[in-house]
Amino acid sequence: MSFANFRMKMIEKLLLACKKKPKKNAAPLNSIDFKRIVVISNKLLGDFLFCTPAIASLKEKYPGAEIMAVLSGKNRNIVGECDYIQHVVYMENNLSSVIKALPEIRKFKPELAVIFHSRTPYDIVAATFAGCRYIVKHYFNNDVKKLIPLCDISVIDETSPPVINHLSLVKALGCDTHDKKMFFPCPVECIKNDSQLNIGFQPGASKSNRFLPTSLTSPLVAELLKRFPDCQIHLFGAPHETALGDAFIAPLSEEQAARVVNHIGKTTLPQLAHQLKVLDLLITPDTGTLHVATALQVKTVSLFVQRRSNGCEPVQDLHLHRILYAADFNALALDRRYPTPLAFIPCEQVLEKVTELIDDSGNRALVTPSNTHHLA
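Using the UniProt record's numbering, you'd call the opening residue of the sequence shown number 1 and step up by one each time.
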């Protein structure tokens, strides 16, 4: 037995000894009326948004329950005035962070822990020592499949999208899981300028091979500004992605650059949501920004490397979204050593999807393709 497996076995024995047991003659899990529920989803922004349909389902089944969300500090301030979440604690996936967060979670006195996307063993350690009598968990694709005996319910499905797996978890509690729509957990105001077309770009992503290459964005921006005289371009990204914004703007002419508003590194999460809500459309790789836009029902054209049954494409409001896959145009995109697979997606294809969605909005000034040059 490897040291890692031995370590997990020892942790499992300790937690089994410490975990509160169900009361004698307790009702079946799906018929208990829980009053205090802790949900754990302390990964990236999109990972948290993927579990929001399941959180809404929990609140519908347990309308009198208070829900505490355990989130990553990377998502600080994302939860504002929200009908579904009453308390927030920040915890990372390491022991020192668990120890720091535990007093506040214990004070809440949770009865049920619902673990959507976290990391074994830290999530189950937190739930056990917080005093949860019941623990249910979705084991994400890359999570180690250990400590399963601590879970009263577990979902292990490497073939379905995250939203579907999270809903499967709460379905086992008796929740209604028909609604797959994500929600953004704070109020988002929207003041649109109907005389202006606002198109957003998210150049960066969590991995460099998902970045939007300038070989694609530069001709695309030029064509968008030509076809739509009232168009303004907006850039989004995290503070560490400012160089990507500079690289995005650098190939543009002075006139084109003047029609670009660079928000990269300048918004909090609520401010990001506000800016996205103003957009008519967002062009993006697989990022948290895509998932915020999806939750806000903003139209998107998203660029992915390849099709996966367990991928993170939108599963709601499908009429608002168009998806392109690099591997559909060149199999080399599947080679992980290739640095810019999204460059295989032709600019014309992206433009076609953008135009399709914008035309659905009606009454936009459009210069027809016959009056524009062919894109190389």
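Keep in mind the hints are simulated off the structure, nothing from the lab.
One should not assume that every hint holds.
[What the hints assert, rightly or not] In silico PhoX-like pairs for lysine-lysine, Cα to Cα no more than 20 Å straight-line:
1) Lys145 with Lys13
2) Lys100 with Lys21
3) Lys19 with Lys107
[What the hints assert, rightly or not] DEER-style ranges, computed between Cβ atoms:
4) Leu14 with Glu81: 37 to 45 Å
5) Asp194 with Arg106: 50 to 58 Å
6) Leu334 with Gly80: 19 to 27 Å
For clarity, every value in this text was computed on a predicted model and none was experimentally measured.
Yeah, the Cβ is synthetic: ideal placement off N, Cα and C, and Gly gets one too.
To see whether the hints hold, each was checked on the structure:
no.: 1; hint: Lys145 with Lys13; result: 16 Å, holds
no.: 2; hint: Lys100 with Lys21; result: 25 Å, violated
no.: 3; hint: Lys19 with Lys107; result: 17 Å, holds
no.: 4; hint: Leu14 with Glu81: 37 to 45 Å; result: 39 Å, holds
no.: 5; hint: Asp194 with Arg106: 50 to 58 Å; result: 51 Å, holds
no.: 6; hint: Leu334 with Gly80: 19 to 27 Å; result: 41 Å, violated
Of the numbered hints stated above, those contradicted by the structure are hints 2 and 6, listed in ascending order.
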